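Visitor: Construct the complete structure from the given sequences, taking the supplied hints into account.
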Amino acid sequence: MYIKDNVLDFLTIRQKNRLKIYILCFTLVLIIATGRLWLVMVKNGDEYTDNATEVQERERSIKAPRGNIYDRNGNVIAANKAVCQISVIRRQIKDEETVIKKLSELLQIDESIVRKKVSKKSSREIIKANVEKETADEIRNLGLDGVVVDEDFSRYYPYDTMASKVIGFTGGDNQGILGLEVSYNDYLTGKNGSINTTTDASGMKIEKNLERRVEPEAGNNLYTTLDINIQQYIEQKALEVKELRNANRVCIIVMNPQNGEIYGLADVPEYNLNEPFVLNYDHAGDTTMDMLNEMWRCFCISDSYEPGSTFKIVTATTAFENGVLNETDNFFCPGYKIVEDRKIRCHKVVGHGSETFREGIMNSCNPVFMEVGARIGVDNFYEEFDKLGLFSKTGIDMPGEATSIFHKKENVGNVELATMSFGQSFQITPIQMIRTVSCVVNGGKLVTPHFGLYVSDSNNNIIERLEFEEEENVISSETSQRMRNLLRDVVAEGTGHNAYVEGYDIGGKTATSEKLPRRSGKYIASFIGFAPVDEPQVLTLILIDEPQGVYYGGTIAAPAVGDIYKNILPYLNIEREEVSDEEEIIYIPDTVF
Amino acid sequence: MDRSMENMENHMERKATRRPQKEDRSFFTKKRGYMDYQILFLVITAFGFGIMMVYSASSYKAVSMGYANYYFALRQAEIGLAGLAGMLFVSKINYRWYKNISRILIFICIVLQLIALSGVTGGESHGASRWIYIGSIGFQPGEIAKIAIAIYTAHICVSDPKNVESLVGLAKSVWPMVILMGLIAVENLSTAVICFVIMVVTIFVACRDLKPLAIMFMIAGVVGVILILTKGYRGARILSFFGKGTEAGDYQNEQALLTIGSGGLFGKGLGQSIQKLGFLPESHNDFIFAIICEELGLFGAICVIALFATLVYRMVYVAFHAPDSFSGLLLTGIIVHISLQAIINICVVTGLVPNTGVPLPFISYGGTSLLFLLCEMGIVLNISRQIKFKVKKTAPGAKG
Numbered sequence: 078m079y080i081k082d083n084v085l086d087f088l089t090i091r092q093k094n095r096l097k098i099y100i101l102c103f104t105l106v107l108i109i110a111t112g113r114l115w116l117v118m119v120k121n122g123d124e125y126t127d128n129a130t131e132v133q134e135r136e137r138s139i140k141a142p143r144g145n146i147y148d149r150n151g152n153v154i155a156a157n158k159a160v161c162q163i164s165v166i167r168r169q170i171k172d173e174e175t176v177i178k179k180l181s182e183l184l185q186i187d188e189s190i191v192r193k194k195v196s197k198k199s200s201r202e203i204i205k206a207n208v209e210k211e212t213a214d215e216i217r218n219l220g221l222d223g224v225v226v227d228e229d230f231s232r233y234y235p236y237d238t239m240a241s242k243v244i245g246f247t248g249g250d251n252q253g254i255l256g257l258e259v260s261y262n263d264y265l266t267g268k269n270g271s272i273n274t275t276t277d278a279s280g281m282k283i284e285k286n287l288e289r290r291v292e293p294e295a296g297n298n299l300y301t302t303l304d305i306n307i308q309q310y311i312e313q314k315a316l317e318v319k320e321l322r323n324a325n326r327v328c329i330i331v332m333n334p335q336n337g338e339i340y341g342l343a344d345v346p347e348y349n350l351n352e353p354f355v356l357n358y359d360h361a362g363d364t365t366m367d368m369l370n371e372m373w374r375c376f377c378i379s380d381s382y383e384p385g386s387t388f389k390i391v392t393a394t395t396a397f398e399n400g401v402l403n404e405t406d407n408f409f410c411p412g413y414k415i416v417e418d419r420k421i422r423c424h425k426v427v428g429h430g431s432e433t434f435r436e437g438i439m440n441s442c443n444p445v446f447m448e449v450g451a452r453i454g455v456d457n458f459y460e461e462f463d464k465l466g467l468f469s470k471t472g473i474d475m476p477g478e479a480t481s482i483f484h485k486k487e488n489v490g491n492v493e494l495a496t497m498s499f500g501q502s503f504q505i506t507p508i509q510m511i512r513t514v515s516c517v518v519n520g521g522k523l524v525t526p527h528f529g530l531y532v533s534d535s536n537n538n539i540i541e542r543l544e545f546e547e548e549e550n551v552i553s554s555e556t557s558q559r560m561r562n563l564l565r566d567v568v569a570e571g572t573g574h575n576a577y578v579e580g581y582d583i584g585g586k587t588a589t590s591e592k593l594p595r596r597s598g599k600y601i602a603s604f605i606g607f608a609p610v611d612e613p614q615v616l617t618l619i620l621i622d623e624p625q626g627v628y629y630g631g632t633i634a635a636p637a638v639g640d641i642y643k644n645i646l647p648y649l650n651i652e653r654e655e656v657s658d659e660e661e662i663i664y665i666p667d668t669v670f
Numbered sequence: 008m009d010r011s012m013e014n015m016e017n018h019m020e021r022k023a024t025r026r027p028q029k030e031d032r033s034f035f036t037k038k039r040g041y042m043d044y045q046i047l048f049l050v051i052t053a054f055g056f057g058i059m060m061v062y063s064a065s066s067y068k069a070v071s072m073g074y075a076n077y078y079f080a081l082r083q084a085e086i087g088l089a090g091l092a093g094m095l096f097v098s099k100i101n102y103r104w105y106k107n108i109s110r111i112l113i114f115i116c117i118v119l120q121l122i123a124l125s126g127v128t129g130g131e132s133h134g135a136s137r138w139i140y141i142g143s144i145g146f147q148p149g150e151i152a153k154i155a156i157a158i159y160t161a162h163i164c165v166s167d168p169k170n171v172e173s174l175v176g177l178a179k180s181v182w183p184m185v186i187l188m189g190l191i192a193v194e195n196l197s198t199a200v201i202c203f204v205i206m207v208v209t210i211f212v213a214c215r216d217l218k219p220l221a222i223m224f225m226i227a228g229v230v231g232v233i234l235i236l237t238k239g240y241r242g243a244r245i246l247s248f249f250g251k252g253t254e255a256g257d258y259q260n261e262q263a264l265l266t267i268g269s270g271g272l273f274g275k276g277l278g279q280s281i282q283k284l285g286f287l288p289e290s291h292n293d294f295i296f297a298i299i300c301e302e303l304g305l306f307g308a309i310c311v312i313a314l315f316a317t318l319v320y321r322m323v324y325v326a327f328h329a330p331d332s333f334s335g336l337l338l339t340g341i342i343v344h345i346s347l348q349a350i351i352n353i354c355v356v357t358g359l360v361p362n363t364g365v366p367l368p369f370i371s372y373g374g375t376s377l378l379f380l381l382c383e384m385g386i387v388l389n390i391s392r393q394i395k396f397k398v399k400k401t402a403p404g405a406k407g
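Chains D and A, in that order, give the protein sequences. Residue 670 is where the first sequence ends in my numbering, and the numbering goes up by one at each step. Residue 407 is where the second sequence ends in my numbering, and the numbering goes up by one at each step.
The hints are simulated quantities; they were obtained by calculation from the structure and are not laboratory data. All values reported here derive from a predicted model rather than from experimental measurement. We put the beta carbon where it would ideally sit given N, CA and C, even for glycine. Keep in mind that a hint or two might mislead.
[To be verified] Derived contacts from chain A toward chain D, CB cut-off under 10 Å, selection only:
#	residue
1	VAL319
2	THR339
3	LYS395
[To be verified] Within a straight-line C-alpha distance of at most 30 Å, the following computed DSS-like cross-link-like pairs (lysine-lysine) qualify:
#	chain 1	residue 1	chain 2	residue 2
4	D	LYS470	D	LYS319
5	D	LYS643	D	LYS522
6	D	LYS599	D	LYS485
7	D	LYS485	D	LYS522
8	A	LYS395	D	LYS93
9	D	LYS120	D	LYS178
10	D	LYS197	D	LYS179
11	D	LYS643	D	LYS464
12	D	LYS93	A	LYS106
13	D	LYS194	D	LYS210
14	A	LYS99	D	LYS97
15	D	LYS97	A	LYS106
16	D	LYS319	D	LYS592
17	D	LYS171	D	LYS210
18	D	LYS210	D	LYS193
19	D	LYS97	A	LYS179
20	D	LYS194	D	LYS179
21	D	LYS420	D	LYS470
22	A	LYS218	D	LYS93
23	A	LYS99	A	LYS395
24	D	LYS93	A	LYS179
25	A	LYS395	A	LYS169
26	D	LYS97	A	LYS218
27	D	LYS97	A	LYS275
28	D	LYS420	D	LYS485
29	A	LYS218	A	LYS169
30	A	LYS395	D	LYS178
31	D	LYS486	D	LYS599
32	D	LYS425	D	LYS599
33	A	LYS275	D	LYS120
34	A	LYS179	A	LYS106
35	D	LYS464	D	LYS486
36	D	LYS197	D	LYS268
37	A	LYS169	D	LYS93
38	D	LYS464	D	LYS592
Guide: Take a look at the structure:
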């Protein structure tokens with residue numbers, strides 16, 4: 078203002094205003110540019126910085142080895158094998174064509190796929206992971222600019238097919254896909270380390286910038302409840318039975334009923350964990366995902382079935398718990414029982430005649446249990462199911478557990494109650510069955526079946542004992558005692574006598590259930606057995622799916638368990654009882670007299 | 008500010024007149040003493056800051072080309088010091104004298120542009136022969152053309168003000184410039200556009216009637232679109248701006264944004280840019296502003312913007328009080344030149360407009376640009392020297 082008064086201006090007011098218009102535009106653009114700068118630098122600055130860092134840094138990752146999986150005795154059942162990862166750094170590539178040609182040739186990948194990856198804009202592109210060491214060495218020896226070979230680990234399963242459905246496998250990124258590899262993934266996965274080098278645009282290291290080195294942390298090891306000797310034996314046995322009976326599938330679970338530790342779970346046919354994408358049977362044509370899923374599926378956990386007569390254990394337990402039954406109660410079996418308008422048959426068409434309950438369970442007589450079921454009533458029955466964990470998942474440390482399928486309580490009429498009391502018209506998973514029975518025989522403790530024992534760090538120091546839920550006094554110990562005695566009789570003198578092993582006190586129950594739809598001639602033969610009766614240490618469930626020919630559980634399933642016990646009971650140091658005097662055959666050498 | 012005002016006051020007392028005098032057409036300004044020291048200070052600051060940033064941004068490139076790390080910075084400093092000397096010399100030259108040579112200057116520029124286009128002096132830079140080489144020294148005649156056009160436009164506006172207000176008169180007046188701009192546009196559209204805007208804004212400020220100018224503007228718009236469409240890389244650059252372009256065009260803009268974005272509020276610190284290590288092409292040149300952002304952050308960027316704003320506002324101040332219409336309009340042209348280059352450069356770097364090769368005035372590496380810019384500032388300083396002051400009637404001892 079001061080100056081203006083003293084200066085001669087020659088531009089007219091109009092001219093000055095015109096110039097002001099231009100300056101206003103200029104100022105406006107500067108404000109917009111400043112706003113834009115704030116947006117890029119401050120508001121979205123982190124994003125741009127990260128992208129820039131990604132372009133600038135050459136990150137060489139140091140792979141962390143995944144933790145091993147051991148059986149209960151420290152035998153390695155899942156480990157790592159050194160492999161290599163091939164990647165390209167686009168800026169360092171000098172001869173793109175040669176790189177593409179050589180890589181596609183040696184790695185046996187289509188040239189167009191390699192070309193696509195090589196010409197991608199990213200600073201580093203992985204061409205192939207899990208490359209065998211020899212191939213990787215060959216590529217390394219070519220000395221191609223811009224091709225990087227990194228050491229990597231790939232999962233390796235020393236026993237190929239053993240416990241495949243339990244252990245599961247990992248994907249190319251070393252992440253668990255199935256089985257224990259998934260459920261314990263967080264423990265097993267290590268933390269990758271890295272060497273971050275800031276480089277210039279040509280990928281050369283910048284001297285003054287220090288390398289940032291982040292050490293990898295190895296994954297923790299998992300000790301499982303599996304015992305490879307038991308596992309291998311039951312798998313062998315399952316295969317044998319499968320071959321013998323021409324069955325679809327044979328499942329065997331061996332569990333400690335006191336704490337839910339699973340010693341072995343066989344589900345044959347198993348598949349090769351080292352080649353999980355190869356079908357375990359001959360098949361012409363393409364392998365579909367459905368076929369693979371079917372092959373990987375663990376029947377014992379992910380499928381439900383009608384338990385049939387083994388479920389009579391639950392019916393009897395419920396009746397004892399509700400005080401509506403005594404072992405000596407008398408029943409009469411004419412070979413069927415009429416419930417409302419239906420005539421429900423016993424498996425013995427001519428009937429068992431007059432019998433006590435004790436004999437009824439030994440005979441696995443359906444009318445007896447229908448009668449018992451009627452005494453219990455729906456409400457008490459369902460209440461007991463709930464207590465015994467039949468309505469809930471077992472909580473086993475495996476992915477993909479299925480749930481049971483029961484009628485809604487209000488829909489259960491007399492017919493349904495009758496069929497349920499001998500194990501039909503509902504579905505439970507095998508793992509639920511074994512859990513419920515373990516509760517019945519172990520004195521009333523509902524355990525969680527599990528495979529995880531403890532977790533150790535890379536130096537094999539135990540860092541975490543894995544705990545699983547247990548519920549005490551689900552049923553009274555007295556009921557448990559009575560059930561054990563009854564089931565001992567089933568093996569000693571009843572339908573389960575084929576499971577009898579001399580010198581061992583074994584209890585169990587057979588079952589033969591017809592698969593749905595009825596009258597298809599497809600059966601599941603099963604047997605659940607435990608030993609020793611007074612303090613059960615091993616509980617075994619065997620399921621034979623669709624056996625050809627003889628399909629009775631007592632005939633084909635029970636002897637398999639007998640064989641298993643003959644071998645694993647001594648192995649588990651369960652003392653052989655002295656055979657009582659009167660049954661012992663005493664050989665008296667002739668020469669004495 | 009206060010001091011310069013005091014100076015002015017003193018001079019004012021010594022020699023000030025209200026009455027228009029016979030025009031002083033002497034080559035050197037006789038008047039001594041006051042000139043606008045603020046502008047001088049701002050220019051030297053920008054230039055010094057520019058050398059520092061050029062050193063920071065170019066040392067990696069210099070080393071990788073086999074030179075000493077200060078190679079580019081030293082060249083910039085050498086040319087800049089020559090430019091400063093030139094500026095001080097030009098600030099002595101009476102701006103009125105340029106009226107005598109305004110037309111000749113345009114024709115010299117046309118000739119130079121023809122020489123550059125013919126490529127007889129050899130050399131190709133950036134795929135377009137916009138350079139003239141004398142020995143090993145190259146310069147872009149387009150840079151002189153900007154000054155020539157500012158002078159010539161101001162001249163035609165004051166020599167016959169009515170003439171430029173009719174379409175025919177305007178066409179008759181501007182044709183040499185149209186030829187010159189056309190020649191420049193062949194290889195360097197952005198310079199041609201800057202020349203055009205200098206001319207248009209100057210006429211816009213000078214004229215009462217804007218119709219002829221508007222018609223000329225529309226014709227130029229059509230010609231401009233045709234030029235964009237006929238030259239391969241221009242279309243590609245514009246396409247790439249709208250996200251449909253080739254990778255090469257994208258890459259530079261993408262990298263520029265990464266560079267700016269990694270600056271944050273206060274930057275990585277002087278010399279700490281990573282993007283200058285070959286990731287960002289032209290990092291010491293057209294994209295030096297991105298490196299400023301990365302190293303000095305939003306704070307540094309705003310300082311640079313503020314520097315240009317202050318410089319421009321100060322020049323507007325001088326223009327408002329220019330000693331005659333010619334100098335006011337000449338200043339308008341120069342203001343447009345510097346402000347337009349600054350905003351185009353900043354907008355390109357921040358991704359607001361498509362990629363063009365416009366340097367950041369005083370700061371970007373580039374000999375011709377810096378040299379002529381400094382000389383141009385010499386003209387501004389000379390005009391500021393000749394601001395006429397009213398007689399302060401109340402002041403004691405004032406002469407009538």
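Visitor: Determine for every hint whether it applies to the structure shown.
Guide: Hints, verified against the model:
Evaluation of the A:VAL319 hint against chain D yields a held restraint, the C-beta minimum of about 7 Å falling below 10 Å. Taken as an interface hint, A:THR339 checks out: its beta carbon lies about 6 Å from the nearest beta carbon of chain D, inside 10 Å. Interface restraint check for A:LYS395: the shortest CB-CB distance to chain D comes to about 4 Å, inside 10 Å, so the restraint holds. For a cut-off of 30 Å, the pair hint linking D:LYS470 to D:LYS319 stands: about 28 Å separates their Cα positions.
Between D:LYS643 and D:LYS522 the CA atoms are separated by roughly 27 Å; this keeps the pair inside 30 Å, and the hint holds. Between D:LYS599 and D:LYS485 the alpha-carbon distance is near 27 Å, which keeps this suggested pair within the 30 Å criterion. A threshold of 30 Å between alpha carbons decides the hint, and for D:LYS485 with D:LYS522 the separation of about 26 Å falls inside it, so the pair holds. Pair hint A:LYS395 plus D:LYS93 holds up; C-alpha atoms about 17 Å apart against a cutoff of 30 Å.
For a cut-off of 30 Å, the pair hint linking D:LYS120 to D:LYS178 is broken: about 44 Å separates their Cα positions. For the proposed pair D:LYS197 and D:LYS179, the alpha carbon gap of about 18 Å is at most 30 Å, so the pair holds. For a cut-off of 30 Å, the pair hint linking D:LYS643 to D:LYS464 is broken: about 33 Å separates their Cα positions. At most 30 Å may separate the alpha-carbon atoms for a hinted pair to count; D:LYS93 and A:LYS106 meet this at roughly 22 Å.
The straight-line distance between the Cα atoms of D:LYS194 and D:LYS210 is roughly 22 Å, inside the 30 Å bound, and the hint therefore holds. Of the pairs offered as hints, the one joining A:LYS99 and D:LYS97 holds, with about 28 Å between alpha carbons and a cut-off of 30 Å not exceeded. Distance check on the hinted pair: D:LYS97 and A:LYS106 sit about 25 Å apart at the alpha-carbon level, within 30 Å; holds. As the CA atoms of D:LYS319 and D:LYS592 are separated by approximately 17 Å, the hinted pair is consistent with the 30 Å bound.
Distance restraint check for D:LYS171 and D:LYS210: the Cα-Cα separation of roughly 25 Å lies within the 30 Å cut-off, and the hinted pair is therefore satisfied. Annotation: proposed proximity of D:LYS210 to D:LYS193 holds, straight-line Cα distance about 25 Å (limit 30 Å). Restraint check for D:LYS97 and A:LYS179: the C-alpha separation of about 28 Å stays at or below 30 Å, so the hint holds. Proposed proximity of D:LYS194 and D:LYS179 is supported: the alpha carbons are some 14 Å apart, at most 30 Å.
Distance restraint check for D:LYS420 and D:LYS470: the Cα-Cα separation of roughly 34 Å exceeds the 30 Å cut-off, and the hinted pair is therefore not satisfied. Between the alpha carbons of A:LYS218 and D:LYS93 the distance comes to roughly 19 Å, so the proposed pair stays at or under 30 Å and holds. Restraint check: the Cα-Cα separation between A:LYS99 and A:LYS395 comes to about 16 Å, which is no more than 30 Å; the hinted pair holds. Pair hint D:LYS93 plus A:LYS179 holds up; C-alpha atoms about 26 Å apart against a cutoff of 30 Å.
Restraint check for A:LYS395 and A:LYS169: satisfied, since their Cα atoms lie roughly 26 Å apart, inside the 30 Å limit. Of the supplied pair hints, the one linking D:LYS97 and A:LYS218 holds, its CA atoms being roughly 20 Å apart against a limit of 30 Å. Restraint check: the Cα-Cα separation between D:LYS97 and A:LYS275 comes to about 37 Å, which exceeds 30 Å; the hinted pair is violated. At most 30 Å may separate the alpha-carbon atoms for a hinted pair to count; D:LYS420 and D:LYS485 meet this at roughly 23 Å.
Restraint check for A:LYS218 and A:LYS169: satisfied, since their Cα atoms lie roughly 13 Å apart, inside the 30 Å limit. Between A:LYS395 and D:LYS178 the CA atoms are separated by roughly 78 Å; this puts the pair beyond 30 Å, and the hint is violated. With a C-alpha separation of about 29 Å, the suggested pair D:LYS486 and D:LYS599 falls inside the 30 Å cut-off, and the hint holds. With a C-alpha separation of about 19 Å, the suggested pairing of D:LYS425 with D:LYS599 holds against the 30 Å cut-off.
Of the supplied pair hints, the one linking A:LYS275 and D:LYS120 holds, its CA atoms being roughly 17 Å apart against a limit of 30 Å. Taken as a hint, the A:LYS179 and A:LYS106 pair is honoured in the structure, with Cα atoms around 18 Å apart against an allowance of 30 Å. Restraint check: the Cα-Cα separation between D:LYS464 and D:LYS486 comes to about 15 Å, which is no more than 30 Å; the hinted pair holds. Note on D:LYS197 and D:LYS268: the hinted pairing holds, with a Cα-Cα distance of about 27 Å set against a maximum of 30 Å.
Straight-line distance between C-alpha atoms of A:LYS169 and D:LYS93 comes to about 19 Å, which keeps the hinted pair within the 30 Å bound. About 27 Å separates the Cα atoms of D:LYS464 and D:LYS592, which keeps this hinted pair within 30 Å; it holds.
The structure does not agree with the numbered hints 9, 11, 21, 27, 30 stated previously, though it agrees with the rest.
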